[in-house]
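With the hints as constraints, model all of the structure from the sequences given.
The numbering of the sequence shown is my numbering, which starts it at 1 and goes up by one.
Note that these hints are calculated values from the structure, not bench results.
Please read these numbers as outputs of a predicted model, since none were measured by experiment.
Do not rely on the hints blindly, as some may be mistaken.
[Stated by the list, open to error] In silico DSS-like cross-links for lysine-lysine, where the CA-CA straight-line distance does not exceed 25 Å:
1) LYS17 - LYS78
2) LYS17 - LYS72
3) LYS72 - LYS82
4) LYS17 - LYS82
5) LYS17 - LYS75
[What the hints assert, rightly or not] Pairwise CB distance ranges, derived in the manner of DEER restraints:
6) THR8 - ASP95: 16 to 24 Å
7) ASN96 - ASP14: 24 to 32 Å
8) ARG90 - SER28: 30 to 38 Å
9) ALA88 - GLU24: 36 to 44 Å
10) ARG108 - PHE136: 34 to 42 Å
11) SER15 - GLU36: 28 to 36 Å
12) SER74 - GLU106: 45 to 53 Å
13) GLU111 - GLU133: 36 to 44 Å
14) ALA113 - HIS19: 48 to 56 Å
15) GLU12 - ARG93: 12 to 20 Å
16) GLU12 - SER74: 14 to 22 Å
17) ARG32 - THR8: 31 to 39 Å
18) TRP83 - LEU104: 30 to 38 Å
19) ASN35 - SER15: 50 to 58 Å
We treat Cβ as the ideally placed atom computed from N, Cα and C, and that holds for glycine.
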Amino acid sequence: MPAYYGHTADTEIDSAKRHIDTLEHSLSNSIRRYNEAVDYAKNCEHNGRSRNTGEPPCACELLQELSVLMRKVSKAWKQVRKWEEDVAERRFRIDNARHHLDELRERRYHEEAIIEASHDRLPTEINQAIAREIYFSGRTRRYN
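If you want it as C-alpha coordinates, here you go:
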(Lines of atoms letter the chains of each structure in order from A and count residues from 1; the text may use other names and numbers.)
(Lines give C-alpha, C1' and ligand atoms only; values in the text may rest on other atoms or scores of the structure.)
Protein backbone atom coordinates (compact mmCIF):
# COMPACT_ATOMS: atom_id res chain seq x y z
CA MET A 1 0.00 0.00 0.00
CA PRO A 2 1.43 3.38 -0.92
CA ALA A 3 1.98 5.44 2.18
CA TYR A 4 -0.06 8.34 0.83
CA TYR A 5 -3.24 6.23 0.45
CA GLY A 6 -3.34 5.26 4.12
CA HIS A 7 -2.56 8.82 5.12
CA THR A 8 -5.30 10.20 2.87
CA ALA A 9 -7.88 7.68 4.07
CA ASP A 10 -7.02 8.31 7.71
CA THR A 11 -7.25 12.06 7.09
CA GLU A 12 -10.68 11.66 5.47
CA ILE A 13 -11.88 9.54 8.38
CA ASP A 14 -10.56 12.07 10.91
CA SER A 15 -12.24 14.87 8.98
CA ALA A 16 -15.53 12.95 8.95
CA LYS A 17 -15.26 12.33 12.70
CA ARG A 18 -14.70 16.06 13.28
CA HIS A 19 -17.77 16.76 11.15
CA ILE A 20 -19.74 14.27 13.25
CA ASP A 21 -18.53 16.00 16.42
CA THR A 22 -19.83 19.28 15.00
CA LEU A 23 -23.16 17.67 14.16
CA GLU A 24 -23.39 16.13 17.63
CA HIS A 25 -22.66 19.54 19.16
CA SER A 26 -25.47 21.03 17.05
CA LEU A 27 -27.68 18.14 18.07
CA SER A 28 -27.06 18.73 21.78
CA ASN A 29 -27.78 22.45 21.29
CA SER A 30 -31.01 21.55 19.51
CA ILE A 31 -32.02 19.20 22.30
CA ARG A 32 -31.34 21.95 24.85
CA ARG A 33 -33.36 24.44 22.78
CA TYR A 34 -36.12 21.87 22.38
CA ASN A 35 -36.36 21.37 26.14
CA GLU A 36 -36.50 25.15 26.61
CA ALA A 37 -39.22 25.43 23.99
CA VAL A 38 -41.26 22.62 25.56
CA ASP A 39 -41.10 24.46 28.85
CA TYR A 40 -42.05 27.75 27.15
CA ALA A 41 -44.89 26.47 25.00
CA LYS A 42 -46.81 23.49 26.29
CA ASN A 43 -49.49 23.91 23.64
CA CYS A 44 -47.95 24.41 20.22
CA GLU A 45 -50.02 26.10 17.56
CA HIS A 46 -47.34 26.27 14.93
CA ASN A 47 -47.82 28.84 12.22
CA GLY A 48 -44.22 29.87 11.57
CA ARG A 49 -44.43 33.13 13.51
CA SER A 50 -41.44 32.38 15.73
CA ARG A 51 -38.93 32.73 12.90
CA ASN A 52 -40.10 36.20 11.97
CA THR A 53 -40.94 37.70 15.34
CA GLY A 54 -37.84 36.70 17.27
CA GLU A 55 -39.85 34.67 19.75
CA PRO A 56 -38.35 31.37 20.93
CA PRO A 57 -39.07 28.64 18.38
CA CYS A 58 -42.00 26.39 19.06
CA ALA A 59 -41.51 22.72 19.94
CA CYS A 60 -42.53 21.34 16.57
CA GLU A 61 -39.97 23.52 14.75
CA LEU A 62 -37.27 22.26 17.07
CA LEU A 63 -38.42 18.68 16.67
CA GLN A 64 -38.04 19.01 12.90
CA GLU A 65 -34.58 20.51 13.33
CA LEU A 66 -33.65 17.77 15.80
CA SER A 67 -34.89 15.06 13.46
CA VAL A 68 -32.86 16.45 10.55
CA LEU A 69 -29.70 16.64 12.67
CA MET A 70 -30.17 13.10 13.97
CA ARG A 71 -30.46 11.80 10.39
CA LYS A 72 -27.30 13.71 9.41
CA VAL A 73 -25.36 12.28 12.36
CA SER A 74 -26.56 8.76 11.59
CA LYS A 75 -25.67 9.12 7.91
CA ALA A 76 -22.23 10.53 8.76
CA TRP A 77 -21.47 7.62 11.13
CA LYS A 78 -22.50 5.12 8.44
CA GLN A 79 -20.12 6.82 5.99
CA VAL A 80 -17.27 6.74 8.52
CA ARG A 81 -17.85 3.03 9.17
CA LYS A 82 -17.90 2.39 5.42
CA TRP A 83 -14.60 4.27 5.00
CA GLU A 84 -13.02 2.38 7.90
CA GLU A 85 -14.10 -0.96 6.41
CA ASP A 86 -12.79 0.11 3.00
CA VAL A 87 -9.45 1.12 4.48
CA ALA A 88 -9.22 -2.14 6.45
CA GLU A 89 -10.01 -4.19 3.33
CA ARG A 90 -7.42 -2.33 1.26
CA ARG A 91 -4.80 -2.72 3.98
CA PHE A 92 -5.58 -6.47 4.10
CA ARG A 93 -5.17 -6.74 0.31
CA ILE A 94 -1.95 -4.77 0.43
CA ASP A 95 -0.56 -6.96 3.22
CA ASN A 96 -1.40 -10.05 1.15
CA ALA A 97 0.27 -8.51 -1.89
CA ARG A 98 3.37 -7.68 0.16
CA HIS A 99 3.49 -11.25 1.47
CA HIS A 100 3.18 -12.61 -2.09
CA LEU A 101 5.89 -10.22 -3.27
CA ASP A 102 8.19 -11.39 -0.46
CA GLU A 103 7.59 -15.00 -1.52
CA LEU A 104 8.39 -14.13 -5.15
CA ARG A 105 11.58 -12.35 -4.10
CA GLU A 106 12.63 -15.32 -1.99
CA ARG A 107 12.00 -17.69 -4.89
CA ARG A 108 13.92 -15.41 -7.26
CA TYR A 109 16.91 -15.28 -4.89
CA HIS A 110 16.79 -19.07 -4.60
CA GLU A 111 16.67 -19.48 -8.40
CA GLU A 112 19.53 -16.98 -8.85
CA ALA A 113 21.59 -18.95 -6.34
CA ILE A 114 20.95 -22.16 -8.27
CA ILE A 115 21.90 -20.49 -11.56
CA GLU A 116 25.09 -19.07 -10.06
CA ALA A 117 26.02 -22.47 -8.65
CA SER A 118 25.34 -24.12 -11.99
CA HIS A 119 27.56 -21.64 -13.87
CA ASP A 120 30.59 -23.34 -12.37
CA ARG A 121 29.48 -26.77 -13.63
CA LEU A 122 27.90 -25.65 -16.89
CA PRO A 123 30.92 -25.81 -19.21
CA THR A 124 31.83 -29.30 -18.05
CA GLU A 125 28.28 -30.57 -18.44
CA ILE A 126 27.94 -29.00 -21.89
CA ASN A 127 31.25 -30.46 -23.00
CA GLN A 128 30.22 -33.88 -21.74
CA ALA A 129 26.84 -33.65 -23.51
CA ILE A 130 28.51 -32.58 -26.74
CA ALA A 131 31.02 -35.41 -26.43
CA ARG A 132 28.24 -37.94 -25.85
CA GLU A 133 26.28 -36.59 -28.81
CA ILE A 134 29.29 -36.80 -31.05
CA TYR A 135 30.13 -40.28 -29.87
CA PHE A 136 26.59 -41.64 -30.32
CA SER A 137 25.93 -39.84 -33.59
CA GLY A 138 29.20 -41.15 -35.04
CA ARG A 139 28.49 -44.62 -33.79
CA THR A 140 25.06 -44.78 -35.43
CA ARG A 141 26.45 -43.52 -38.73
CA ARG A 142 29.02 -46.23 -38.76
CA TYR A 143 26.41 -48.94 -38.46
CA ASN A 144 24.05 -47.55 -41.08
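Tested hints:
1. LYS17 - LYS78: The hint holds at about 11 Å.
2. LYS17 - LYS72: 13 Å, holds
3. LYS72 - LYS82: 15 Å, holds
4. LYS17 - LYS82: With Cα atoms ~13 Å apart, LYS17 and LYS82 stay inside 25 Å; holds.
5. LYS17 - LYS75: Cα-Cα ~12 Å, so holds.
6. THR8 - ASP95: 16 to 24 Å: Holds: the Cβ-Cβ distance is about 18 Å, inside 16 to 24 Å.
7. ASN96 - ASP14: 24 to 32 Å: 26 Å, holds
8. ARG90 - SER28: 30 to 38 Å: At 34 Å between Cβs, range holds.
9. ALA88 - GLU24: 36 to 44 Å: 24 Å, violated
10. ARG108 - PHE136: 34 to 42 Å: 37 Å, holds
11. SER15 - GLU36: 28 to 36 Å: 32 Å, holds
12. SER74 - GLU106: 45 to 53 Å: With a Cβ separation near 48 Å, SER74 and GLU106 satisfy 45 to 53 Å, so the hint holds.
13. GLU111 - GLU133: 36 to 44 Å: At 27 Å between Cβs, range violated.
14. ALA113 - HIS19: 48 to 56 Å: 55 Å, holds
15. GLU12 - ARG93: 12 to 20 Å: 18 Å, holds
16. GLU12 - SER74: 14 to 22 Å: 19 Å, holds
17. ARG32 - THR8: 31 to 39 Å: Holds: the Cβ-Cβ distance is about 36 Å, inside 31 to 39 Å.
18. TRP83 - LEU104: 30 to 38 Å: About 31 Å separates the Cβ atoms of TRP83 and LEU104, which means 30 to 38 Å holds.
19. ASN35 - SER15: 50 to 58 Å: 31 Å Cβ-Cβ, so the 50 to 58 Å window is violated.
Violated hints, listed in ascending order, are 9, 13, 19; each of the other numbered hints is respected by the structure.
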